[in-house]
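**Q** Residue numbers (the numbering used here), protein chains in the order written: chain H, 881 to 1318; chain F, 881 to 1318; chain A, 881 to 1318; chain U, 881 to 1318.
Be aware that a few hints might be false.
Simulated pairs of lysine to any residue, SDA-like, Cα-Cα distance not exceeding 25 Å [claimed, not checked]: (1) F:Lys1259 <-> H:Ala969; (2) U:Lys1259 <-> A:Glu1017; (3) F:Lys1259 <-> H:Gly1080; (4) F:Lys1259 <-> H:Ala970; (5) U:Lys1259 <-> U:Arg1289; (6) A:Lys1259 <-> A:Val1228; (7) A:Lys1259 <-> U:Arg968; (8) U:Lys1259 <-> A:Pro1282; (9) U:Lys1259 <-> A:Lys1259; (10) H:Lys1259 <-> F:Lys1259.
Distance windows between CB atoms, simulated [unchecked claim]: (11) U:Pro928 <-> H:Ser1150: 21 to 29 Å; (12) A:Ala1061 <-> H:Glu1260: 49 to 57 Å; (13) A:Gly972 <-> F:Ser1225: 45 to 53 Å; (14) F:Asp945 <-> A:Ala1061: 51 to 59 Å; (15) U:Gly1013 <-> H:Pro926: 50 to 58 Å; (16) U:Thr937 <-> H:Ser1150: 29 to 37 Å.
No lab work stands behind these hints: they were computed from the structure.
Please read all numbers here as calculations on a predicted model, not as lab measurements.
Cβ coordinates follow ideal geometry from the N, Cα and C atoms, glycine included.
There are 4 protein chains.
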Amino acid sequence: LSSAESPDEGLLSPGAAGSAAEAATGDRAVLQAMLDAEAALTGIMPAPSGIVAAVRTAAQAGRFDVRDLALRARRGGNPVIVLVEELRAAVGEEAAPYVHRGATSQDILDTALMLVAARTLPLILTDLDRTAGALAEVAAAHRDTVQAGRTLTQHAVPTTFGLKVAGWRDLLLDARDRLAALRLPAQLGGAAGTLAAFGGAGEAGADPGLIGAYARELGLSEPLLPWHTLRTPVADLGTALAFVCGALGKLAADVLVLSRTEIGELAEGSGGGSSAMPHKANPVRSALIVAAARRAPNLVAVLLGSLVAEDERPAGSWHAEWQPLRELLRLAGGSASLAAELSASLRVFPDRMRENLSVTGGLIVSERVATALGRPRTKELMARADAQGITFAEAVSAAGHPDLVDPARYTGSAGALVDRALRRAARPGASPRTEPTP
Amino acid sequence: LSSAESPDEGLLSPGAAGSAAEAATGDRAVLQAMLDAEAALTGIMPAPSGIVAAVRTAAQAGRFDVRDLALRARRGGNPVIVLVEELRAAVGEEAAPYVHRGATSQDILDTALMLVAARTLPLILTDLDRTAGALAEVAAAHRDTVQAGRTLTQHAVPTTFGLKVAGWRDLLLDARDRLAALRLPAQLGGAAGTLAAFGGAGEAGADPGLIGAYARELGLSEPLLPWHTLRTPVADLGTALAFVCGALGKLAADVLVLSRTEIGELAEGSGGGSSAMPHKANPVRSALIVAAARRAPNLVAVLLGSLVAEDERPAGSWHAEWQPLRELLRLAGGSASLAAELSASLRVFPDRMRENLSVTGGLIVSERVATALGRPRTKELMARADAQGITFAEAVSAAGHPDLVDPARYTGSAGALVDRALRRAARPGASPRTEPTP
Amino acid sequence: LSSAESPDEGLLSPGAAGSAAEAATGDRAVLQAMLDAEAALTGIMPAPSGIVAAVRTAAQAGRFDVRDLALRARRGGNPVIVLVEELRAAVGEEAAPYVHRGATSQDILDTALMLVAARTLPLILTDLDRTAGALAEVAAAHRDTVQAGRTLTQHAVPTTFGLKVAGWRDLLLDARDRLAALRLPAQLGGAAGTLAAFGGAGEAGADPGLIGAYARELGLSEPLLPWHTLRTPVADLGTALAFVCGALGKLAADVLVLSRTEIGELAEGSGGGSSAMPHKANPVRSALIVAAARRAPNLVAVLLGSLVAEDERPAGSWHAEWQPLRELLRLAGGSASLAAELSASLRVFPDRMRENLSVTGGLIVSERVATALGRPRTKELMARADAQGITFAEAVSAAGHPDLVDPARYTGSAGALVDRALRRAARPGASPRTEPTP
Amino acid sequence: LSSAESPDEGLLSPGAAGSAAEAATGDRAVLQAMLDAEAALTGIMPAPSGIVAAVRTAAQAGRFDVRDLALRARRGGNPVIVLVEELRAAVGEEAAPYVHRGATSQDILDTALMLVAARTLPLILTDLDRTAGALAEVAAAHRDTVQAGRTLTQHAVPTTFGLKVAGWRDLLLDARDRLAALRLPAQLGGAAGTLAAFGGAGEAGADPGLIGAYARELGLSEPLLPWHTLRTPVADLGTALAFVCGALGKLAADVLVLSRTEIGELAEGSGGGSSAMPHKANPVRSALIVAAARRAPNLVAVLLGSLVAEDERPAGSWHAEWQPLRELLRLAGGSASLAAELSASLRVFPDRMRENLSVTGGLIVSERVATALGRPRTKELMARADAQGITFAEAVSAAGHPDLVDPARYTGSAGALVDRALRRAARPGASPRTEPTP
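Pulled out of the complex, with its shape left as it was, chain H reads as follows (with noise of 0.2 Å):
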């Protein structure tokens, strides 16, 4: 190696280190992705037998040096036109013009980031699918756990562990339905996205029909137009990705609050050590979630200020849309991971749950109470609880009402909201569409 060399190696990502995701969208995945768009390209040319064979087998990233592409990229401020170079010499001079024929590095490099996508998508989806069943199951079985209800930080009124988890099951599902709704678009347009050297040096352009033909053989969406300057591709795959990670980012936050040490009503299942202290077990998957979380909203701030993207292909807007997208796989991809363990492995302590309902000494009831006995009622019977050093609770029972002070019942409809959201299909099998243009 080169003392110019210097691989990242997922050492500041402990999140997505190790993950499916992150494998899938690594430089070397990233490079097969543009190698199969230019073989693909290749394949759906009119070309003589044999040369796209020799493309397809020429194509294997494993051929080339990812590295050296990267130092050469800088030159013409993208991988693709190095690439083209070297897999022209690999291919032989034969099939060289069979390479990237009427094509703009564009095309192949966002065919490319939607391939990466393509491919990294269900692996995500799977792990949210995992995650959404290990929910429904605790959701169902803590369908009628008491556990205060806090709001502001402070303990509201009571509500049910099962309630808590059917919303953190119903928000991922609207994460899932999202990145399954996705459209992946292939590229092709050529130099200005007219199509026209795809026809050869004639004065009519290609057909728009091979637009479809290329997004076929790919296995990829066919775009209406080329989308040079019309990412809304890159938009919407961003934004589901940063809605899964903020969706996730609920869940862990809720664990990070209920596994403190006061509070103690769950854990996550293994936690993790600290290089201090021996007795330490740190909610680690929530953290790691949430870090990502914190992350993924100004990624897809980037993203969305590359729609402004002008003339036929932009000059920058473009160039700060590839890391910011990969990473958003990588944080979605790893938080779903992360969710997927934390949810299987979850522990819950509903004696804690319990207990904690009656810290404020019946308070968490105030709001009953004062239904059933007016406001001024009630704020004269928290006084006279103060006056006397007798709880809340003590003091509604003293005054004849000891119904009113169970918070176990005053959950309200949390079961029937439980019911009502576990209807709600997960879906399963759904993946990123490969539609007919409108």
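Given the structure of chain H, go ahead and fit chains F, A and U onto it with the hints provided.
**A** Showing chains F, A and U alone in chain H's frame:
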């Protein structure tokens, strides 16, 4: 006015000032929406005759002092608490207990912001539809108007102005579809989302069907669950609005480039004046649209960050949503309004487009020449032109290929792509859906 | 009021509503600052006696219709153009030519926003100083109040509340120093930053010293060059304000954790009420401070993005700055005001701190035990405690080391660190510098 | 390599690939910095002779498997925990207890990232100094080269290319000064920042002076307090780096505009080629610099958001910092390297500047004419020119004022401003300060 009074009247928001969306999102409109949310709640709960009418009568924004509410909102951290006090006082002692029964502040404010959105989106959609219509006409009229295709700021190959405009419209329709597909749900859950207090002081909470009744009363969608901490509706709304800003930003960025003094292919119908230079006609609308597109992604980043909402109602992430959400409605509305004006009055100068095509002396068709004669031969002709002080077009013609150098005969499939794009229907009339629960 | 009138009066900004910073940044304050910028310009240019006074007299915000200016600003894309028309009309025919001589809109608006900042920063600094003072007292008072140190949400080792508060103050002083070190320059350059028209119609422009004269007239700093597209002042101001929001956010985040019902070590002096639950005392100030800290980074991101300002004056990036810059002033000012209240009235419960220290049965000192007895022996004692159903502290004591298990005797150098931190002077009185050109 | 191995080698980062900053920030460099932090810690704590040397010998990145560490880091949420295990194993049983004594993971990783920054910043500063030097030469050489001043994309009034370049340099020096003024502190606090375990098992922690000793051992600054949750150093570093990216982005944005085919006043020394068009010479460096400037603000937004770090060490906000911080170092380093190349080889075409000045037929001096003859008379001459089909310059000359229409004689104080700007010293040699505690 007290010295503490400090209203903003749009002085720093010229892109939105005076737009329909601005009026629909002002503090008074938000206040009216909160009052509508309160009145609807009284309306769906059991109440003696006369009470509902009394609340409706009182629930008029004009009867309240917005600034006073704003100042007193600080105490509770949101404007609902003081509003409920005021509304109860306004309806009189008998009706007061029927105001805000069972609800929590977030029920009212979330519902109100969705109402504000529901009232603003049709205004935005109208302007987007007007813009799409105008662009369709421009694209059709200039289907075959040849123009330099520009990539990384440089002339690349010819394209048509029609294809560029068809692309603007296509991106705009993507934005429009995202807005029109939004579901804007009512919020109803009570203190911790269990619906407990809507059922009175009894053990059982209200039937979850109450949420649907509330939504129908307000013309909003019915959510599956209370969404105090399941912020899909806010994330989706914000994302769609940021997408609108970005999509219009592409159009505006192109207008800015093409109306540059040296390029002069486009001009805004009536340019903005200058405080210094009598001759200036600035592309002001485009500048303001671009400014909105620069801000929108970071506003939506806040909303996506607020998906991580801990507990049953969060301490901070919810409060952080209000202003960015409103600002996105305004930016999208302002930009749509500006784009409607811009597209209706855009001045197109095909002669300048034609003149600019010759700026490179034929290099703009170098790709075609290379396809026909090979890259080495093309490089040779480029060198010859340099050496002889003639243009590339002259060199290619002199070499016997005058047919290859007319830019107007190398627009590829631009025309066919315009036709294809214009077949995409604008679907006027669609608006945010009110849908039954799945 | 016309139907198009739509002022915001702070209804969705409870964190800033009523604060001094809000008043100093309202549309009227911005208008006054623009008028001050115009009057100062007339003041430094040669003019017949009486003219300057006439302009000063006319340049009162109360004489103008803010909303009308806002609506008419759209045409030119900024509010200066119409303001100049109005001001010229107001001063009369003779004085009119002396208004805005040589200037461009951006000279006036940039200068005005710096004036607004210069008037707002001392208000923020006052609240930060008040907060720092209160925190110094709390830190000193609780120098030795033992509290659980928490990492990744779990009890780690003991610390003191004094050290935590000393840290809050240290971070706040960092923020304060950044604000106080800001240089807020006047802007003067004319149409393209060459000062050409300030010199009249002659060939030579004005002496660059004119910029300094203008700055001195307004009490602002003198920049080295006109900064129409050299946006250091805006980036620095925005960054410092976002830092203030973040620094106060740390304090607020800790208050939110420590005032959780189960933890109960802190409470806001007077909690916010609830529209549903009589007993609730919400940490409202902390929630609003955290909300501001969630928004500020994305506002400053827009400002940092606007560093990329093309040409002599940009089309969009400048326009995108105005609202985020003002909002940052408000958020920082609102948060500083809330923090001053919060720190002055914070309720501290040392007994709860002490109680919580024992929640883990001594595991909070496992690090000390491991240091003394080795990690294997410590793990063994942990296992023994589990097996015997006793606490870790009991197991360690039973093993002959009762001296190791008192959390109050394992606070390390917390006290010394508090002393060290409190020696850092608050430097009251410093304020944004008016400095000569380097 | 296992199938899970997925290194990034810069394929999607052409702006940074191969730069010195990239090499200084790779995973191996981070690993070495962590090892240096561990070795320095052993070095300042009491230890038998030989131990320190043994740890230093073992603490070589080349002896560790980066990928394996990355994969195993997930368990504890950061790479330090596994590294400590490995390092203890490597140094042997006797030395093992002297490794990582008293420290927490965050001590090591925070210190390591500051070390990485300390090693990278001088590389960036060198390139900024080279760029500043080249720009000073260009500015001086073109002090009086007249060029169209452009505002909102339109010709405004004349300026000089020298003034534009002097502005680039001034902004760059602002960026440089911010980098050079950074203080990069060591981190040392132990489990909860009390220094408890550095004092051994006794009651008293280590003297706070230990922090200074550690800092000096590493050549870093001494912080006043452990800064596990007082994130000023990270916020400041990130902000300064984003400022660098933005400052260079201004330069690049101007190059992109001025090298547009129709404008042609500048060209990059050697343009990037195209995979499709033989004639293309793309301003690739500028595009990559602009791409970095689009990403940097959103990376720093994450860091500013992480100021809100709860407890003694936070669960997520810290973990969210690592990648954005490193990426900012790379983007700034890559952009500085590109800018150094760009500025050294920029091609300037004064003839085109002169030609473009006449594009408006004299309207570019309309401000001067209006100052001399009044705005009404100027408008009249503009109308006359239109009516007669002559240029504005011709109309003004015909009206007896030929002296007013030469753009070269209306550059105002551009020359004086260049001189003033170039007197600002570049202060080469300054670098991040190592300072005593205040």
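**Q** Each hint needs a verdict: does it hold in this structure or not?
**A** So, going through the hints one by one against the coordinates:
no.: 1; hint: F:Lys1259 <-> H:Ala969; result: holds (20 Å)
no.: 2; hint: U:Lys1259 <-> A:Glu1017; result: violated (68 Å)
no.: 3; hint: F:Lys1259 <-> H:Gly1080; result: holds (18 Å)
no.: 4; hint: F:Lys1259 <-> H:Ala970; result: holds (23 Å)
no.: 5; hint: U:Lys1259 <-> U:Arg1289; result: holds (21 Å)
no.: 6; hint: A:Lys1259 <-> A:Val1228; result: violated (35 Å)
no.: 7; hint: A:Lys1259 <-> U:Arg968; result: holds (19 Å)
no.: 8; hint: U:Lys1259 <-> A:Pro1282; result: violated (95 Å)
no.: 9; hint: U:Lys1259 <-> A:Lys1259; result: violated (90 Å)
no.: 10; hint: H:Lys1259 <-> F:Lys1259; result: violated (90 Å)
no.: 11; hint: U:Pro928 <-> H:Ser1150: 21 to 29 Å; result: violated (37 Å)
no.: 12; hint: A:Ala1061 <-> H:Glu1260: 49 to 57 Å; result: holds (55 Å)
no.: 13; hint: A:Gly972 <-> F:Ser1225: 45 to 53 Å; result: violated (36 Å)
no.: 14; hint: F:Asp945 <-> A:Ala1061: 51 to 59 Å; result: violated (41 Å)
no.: 15; hint: U:Gly1013 <-> H:Pro926: 50 to 58 Å; result: holds (55 Å)
no.: 16; hint: U:Thr937 <-> H:Ser1150: 29 to 37 Å; result: holds (35 Å)
Hint compliance for this structure: hints 2, 6, 8, 9, 10, 11, 13 and 14 are broken, all remaining hints hold.
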